[in-house]
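Each chain, letter by letter, is given below.
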Amino acid sequence: MSRIQIDSIRCKGCGRCITACPKDLIAFSQELNDRGYTYVDFTGHQEDCSGCTLCAVVCPDQGIEVWNFKDKQTFVNTAGLTENMTHYCPGCTHGVVHRLTAEVLEELGLLDRAVGIAPVGCSVLAYEYFNIDMFEAAHGRAPAVATGAKRARPELIVFTYQGDGDLASIGGNEILHAANRGEKFTVIFVNNAIYGMTGGQMAPTTMPQQKTTTSPLGRDVETTGHPLRVSELLATLRTPAFIARGSAHDGKHSLQLKKLIRRAFEYQRDNTCFSFVEVLSTCPTNWGLSPDESDAWVESTMMPYYPLGIFKQPEAPAVAATGASHDH
Amino acid sequence: MSKVLMKGNEALGEAAIRAGCVHFFGYPITPQTEVPEYLVKRLPEVGGAFVQAESEVAAIHMVYGAAGVGIKCMTSSSSPGISLMAEGMSYLAACELPCVIVNIMRAGPGLGGILPSQSDYFQATRGHGHGDYQLIVLAPASVQEAVDLMTLAFDLAEKYRNPVMVCADGMIGQMMEPVEFPGEGRGEPFKENDWELTGRKGRARRIVNSLFLAPEELFQHNIHLKEKYGRVHRDEMRWELCGGDEPYDLLLVAFGTMARICKTAIDEVRRDGLRVALFRPITLNPFPLAACRAAMDAMHAKGQVLTVEMNMGQMVQDVRFAAEGSRDVDFYGTAGGIVPSPDQVAAEIRERLAGVRATTPIRLWSGAGLCCEAQGDGVPCAGTDGTCDTCGRAMPAPAAQPAPTGA
Amino acid sequence: MITDTATLMDTEVLMAGFGGQGTLLAGKVLAQASMEEGREVSWLPSYGPEMRGGTANVIVCIASKPIGSPLIEHPRGLIAMNLPSLEKFAPKVKPGGVIVVNQSLIDKDPRRDDCVVISVPSRELAQQAGSARAANFVMLGAYVGATGAVSVEAVEHAIAAEFAGDKARFIASSVAAFRAGVEAVCPRS
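Residue numbers (our numbering), protein chains in the order written: chain A, 93 to 420; chain B, 25 to 431; chain C, -4 to 184.
Note that these hints are calculated values from the structure, not bench results.
For each residue, glycine too, the CB sits at the ideal point set by N, CA and C.
One or more of the hints may lead you astray.
[As the list claims (entries may be wrong)] Covered stretches of chain A (chain B as the covering partner; in silico rule of three or more C-beta atoms under 8 Å from a C-beta of chain B):
#1 194 to 208
#2 222 to 229
#3 260 to 274
#4 341 to 348
[As the list claims (entries may be wrong)] Here are the computed lysine-lysine pairs in the DSS-like style, where the Cα-Cα straight-line distance is at most 30 Å:
#5 K115(A) to K164(A)
#6 K351(A) to K115(A)
#7 K215(B) to K250(B)
#8 K103(C) to K89(C)
#9 K103(C) to K83(C)
#10 K303(A) to K344(A)
#11 K103(C) to K87(C)
#12 K344(A) to K164(A)
#13 K164(A) to K225(B)
#14 K351(A) to K225(B)
#15 K60(C) to K27(B)
#16 K162(A) to K344(A)
#17 K65(B) to K103(C)
#18 K215(B) to K252(B)
#19 K27(B) to K162(C)
Take these sequences, add in the hints, and give me the full structure.
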């Protein structure tokens, strides 16, 4: 029999752990925590918990830790994040992507020489959460800042953490050319198909017909173009790179995503190439959906248009000028 | 070390290396392109690197990244490119990151032209990005001084943790003159400090950031910056007064190349017995207000002050500020890449001091709403039919009256 | 030769021609040579948007004290490599100045009776010296021979320094062309 420990103060009551638990052992409490959220409780029988850790994997708020049947802790909150509670909305998967990135840096032993670069957007405060040296960059310019930092001190492990407005819109030029130059830093690109911080405007990655405050009738592809597939776009470049897309919408995909992030940082550690991981992420608040519905929307609406996979890797032969080396 | 004959732009590049600069990020633009072209060859020899950025926007943020990890670096551009760097400069100043930015000014506005100009004086001295910040701005008047000020620029950048701009015009950049460089080979890196991001090993983590959502914190940050700029204004003003040892009836104020042209013009009119001195600010920011005022006060009450600029009248505002109304300050200048010749400046001096009508083909402009023809400039235009009775120019529009309220 | 010693001390020369005629280079050599003789110098080119063709001109100032304006409207010397340059700049030369006219391309009198006008068949002399492309150095030689603005040896040294390395093959013909220009105005006795 395993056990989990829920930090009810950190819990924002998004309920993702409730959905993730294969044994239905977690439920909403009847109480509010001190921050005003209906937190979750472990309500099942202790002997039913298998210690699968999926609840902790999907928690965006570092709110759950897990011990196995030998009472050995099998899920520990990473030292790569500070103890600050994030400002992200309940159910937003930024917190998951932060944690996966930090876990990888910790597991690879890179925390002491890592420099992260926060963007402008919802993750503008990422420098409060990553427990490493951090820059805060101007909107869209993180790849330029990373170029300067990595070129100046190649021994550092440099990564940018950018959203879709930051990277795909205002910073389109910077990411394109950093990738084309083969800058040896890592990009974590969080695509949630909307501008979050400014209150739900249309992003370059917004889905066709998706309603936002600046596309109130739904995105019209005739006048606003089609959603930008940044990974596919960058994969057409001849410059060697690791380019992949994962998703953080459930536990299984989050674990797969972590492997991609790990590979990305390994390539940087080994000075191999530019590495880029796009993450399909959720924005329950601006999508107007519950966290559960948001996770489902990623799978039903985003994933068919934004297929998961590896689009380019340095080991692969040079990509033909006509297209990427993947199929989907 | 012996003197070498070098183009201003190349000399700026070599001076940067002697000052310890190891990284350059920039984008091609005339007339500064020799700076990166020189450094792309030279930087690898000192273990540094050159990155041709995709835009000036990217270039200045690459500087932000490299400066943030504690490496001496620079960028250079010319006026339209400097405009694109406004954003990054605001961030660099806000985060107190040391770096050097070279502006080889060309004529504007807009795409303008590629010939020499000083029309970025406001842009440079008013901190052209958003927010309350200042750059330290140095204006060389010769290739040798460009070298000397480049060295000083890196020193001041480190001392005050602030971006420093070396603001020259296309003439300095394109001109060759003999120069002597300080030191040998690559200069020193930044001294040990507590701000560079090098990985948190063995210390608390550091953050390079300019976001302060709490207004009190942001106010405190602004106060901190203001105090720093106060120290800069107290300690770092630099200027030159030429011909101040003897009495003078006219004080010219000019910077950069224009000041050299004024010197030649002064030499010429002195042969006619005219008494003229030149005040040349070397730091455009901080502008040497007190020294400029002292140079004015050294004249008798009827002594005249004339700023001479390659623009439509920018520094003249600071000179008027220095005068604090104690006497009129006139302006004489050209724009568009036309450089006033020493003969033209001399003719203007003669007209003012000896009443000799200038034969200058271009009638130079003399300040909005101030009549340039009336005896003693600074007299407002006057006329009844929309044009000035004296100088014939269109009269400035009267200030708009507030619209009556109610209907 | 020129007798006004004041002119010899401090002078400015404007060299002007088509792009590709080597005016900027000849100007640089003059500046370099003067610098090596301990003079103050400046070399200020005109520059335009075109990379090739068009007109190219440069003002070289040589002085015994720091140079004020490197921009001179009325220079004391003019080396005109082509007709447009002569027409544009000859009227601006100071009275008593020196105008060197490229006779190979210019069949016109600058009508400056108040100046010393020297016509030099630069192309022909350069060809005799080994390279028609060295006409710029013939013109420079004529100017230096006429004015003594700088010593012949210093210019020859500056030419050798300019072409040192992988352009060393140009040194002999350039120096020969320069000497031919000097001798055209002051024949060896």
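Hint by hint, here is what the structure shows:
1. 194 to 208: Per the Cβ count (5), the hint holds.
2. 222 to 229: Satisfied; 7 residues make the cut.
3. 260 to 274: holds (count 5)
4. 341 to 348: Per the Cβ count (0), the hint is violated.
5. K115(A) to K164(A): holds, 21 Å
6. K351(A) to K115(A): Holds, at about 26 Å.
7. K215(B) to K250(B): Given that 30 Å is the threshold and the Cα spacing comes to 24 Å, the pair holds.
8. K103(C) to K89(C): Measuring from Cα to Cα gives roughly 19 Å; hence the hint holds.
9. K103(C) to K83(C): OK: K103(C) and K83(C) at ~13 Å, within 30 Å.
10. K303(A) to K344(A): Given pair K303(A), K344(A) holds - Cα atoms ~29 Å apart, limit 30 Å.
11. K103(C) to K87(C): holds, 16 Å
12. K344(A) to K164(A): Holds, at about 23 Å.
13. K164(A) to K225(B): holds, 29 Å
14. K351(A) to K225(B): Given pair K351(A), K225(B) holds - Cα atoms ~26 Å apart, limit 30 Å.
15. K60(C) to K27(B): holds, 15 Å
16. K162(A) to K344(A): holds, 24 Å
17. K65(B) to K103(C): Since the Cα atoms of K65(B) and K103(C) sit roughly 46 Å apart, the hinted pair is violated (cutoff 30 Å).
18. K215(B) to K252(B): holds, 19 Å
19. K27(B) to K162(C): With a Cα-Cα distance of about 23 Å, the restraint between K27(B) and K162(C) holds, given a limit of 30 Å.
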